[in-house]
Amino acid sequence: MLLPIVVVTIDGAQPDIPGDIQAANLVWGNEIEVWVDVVRSSVVDRPDLLTLTQTDCAAAGHVVSDEEDELFDLGRGQGADVVGYYIAADTGGFRGCAAHPPGRRGFWSGDAATQWTFIHEATHVVGDNPHITNSDNLMFRNGTASITNLPPDMNDVQRTRILNDPALLSIESLILNL
Amino acid sequence: MAISVSNELTRAFEAEEAEQLSEIIRRKKREDFETLRRLVLAGPDVNEAHRQKAIYALGRWGDAGVIGDIERILPQLAEPGRIAAIDALGRLGTQRALEVIAQYEQDPSAQVRKLVVEACNRIGGTKAEGRLRTIARDDPEEWIRKLALKRLEGHIR
Chain A
11 MLLPIVVVTI DGAQPDIPGD IQAANLVWGN EIEVWVDVVR SSVVDRPDLL
61 TLTQTDCAAA GHVVSDEEDE LFDLGRGQGA DVVGYYIAAD TGGFRGCAAH
111 PPGRRGFWSG DAATQWTFIH EATHVVGDNP HITNSDNLMF RNGTASITNL
161 PPDMNDVQRT RILNDPALLS IESLILNL
Chain B
980 MAISVSNELT RAFEAEEAEQ LSEIIRRKKR EDFETLRRLV LAGPDVNEAH
1030 RQKAIYALGR WGDAGVIGDI ERILPQLAEP GRIAAIDALG RLGTQRALEV
1080 IAQYEQDPSA QVRKLVVEAC NRIGGTKAEG RLRTIARDDP EEWIRKLALK
1130 RLEGHIR
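Here the protein sequences come in this chain order: A and B. When you line the first sequence up against our numbering, it's residues 11 to 188, in that order. When you line the second sequence up against our numbering, it's residues 980 to 1136, in that order.
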């Protein structure tokens, strides 16, 4: 299975995209044989979105800020349901956030991110997986910098939720459509 | 002297996202507020990322009594801290906050100046609109001038 994803970098952000995709595939590939496939990557000159102002990063009842509304418009209609955004930071200096406007699935990752932030945030979006207390797990609530026994693990519930997500494509369906 | 910070607050500072800190803000426990305030004013040995998050939290707490604390520490902050501080002052929203924000209209960081625009926009009123007019005319970056003009137009409509 593949997760097609569009990646948008706000010019001035300092991501390590190959490193993030490698880390993503190390976790998801090993755990559930799902591979993250970047179908399009672009750099966008929007300095007004480099430091993002958010109202909150709530999993439920998220209030979408004007800037989030603009950010999450980028990269749509380019062959993926999920878009990952690289920005410098939010105003609090957090590593990422997976709260998104309704109907525009995606997440952002900031310059303070670890190599696991990208796939941690993607795992919130794909399968709608919450934080948990197991420190060996990708979704450990204390942050990816505190995960123990790397690479991070996933549990059965998380695996099932991701595999049931409509954003995934089977490799067979891609071959048949060639 | 080291500041005693609860495990819960430390976890929220180290978390990937802002959600856990938002939960602490929603609960509004007095001891958390006092710890956040001490972190803002702590000496140079404090973790600057934690100080930034403490400022972020106090901006959303809604107690304008911290404006003086933020004003005092602002000149010592690096860019990420100044961004959090200007954003926090904009959310606290008093005329005193606006006076402090206006002192950063010519900050060397364009990202800080962007937050000045957003803070003035959030505060609103005649004085804030005056600041937006000045930025729309004088800022060296075209994108900031345009942003200030856009926000100003939102007030005039």
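Quick caveat, the hints were computed from the structure, so don't treat them as lab data. Nothing here was measured: the structure is a model prediction, and the numbers come from that model. No residue lacks a Cβ here, since even glycine has one placed at the ideal position from N, Cα and C. Mixed in with the good hints, there may be bad ones.
Where chain A lies over chain B, by a calculated footprint (3+ residues, C-beta under 8 Å) [said to hold, decoys possible]:
| hint | stretch |
| --- | --- |
| 1 | 982-988 |
| 2 | 998-1008 |
| 3 | 1012-1021 |
| 4 | 1027-1035 |
| 5 | 1103-1116 |
One side of the interface only, derived from the structure: several residues of chain A facing chain B at Cβ under 7 Å [stated by the list, open to error]:
| hint | residue |
| --- | --- |
| 6 | 67 |
| 7 | 158 |
| 8 | 159 |
Going through the hints against the structure:
1. 982-988: violated (count 0)
2. 998-1008: holds (count 4)
3. 1012-1021: violated (count 0)
4. 1027-1035: holds (count 4)
5. 1103-1116: Not satisfied, violated; 0 residues make the cut.
6. 67: Residue 67(A) check passes; min Cβ-Cβ to chain B is 4 Å, inside 7 Å.
7. 158: violated, 13 Å
8. 159: Violated: closest Cβ of chain B sits about 18 Å from residue 159(A), beyond 7 Å.
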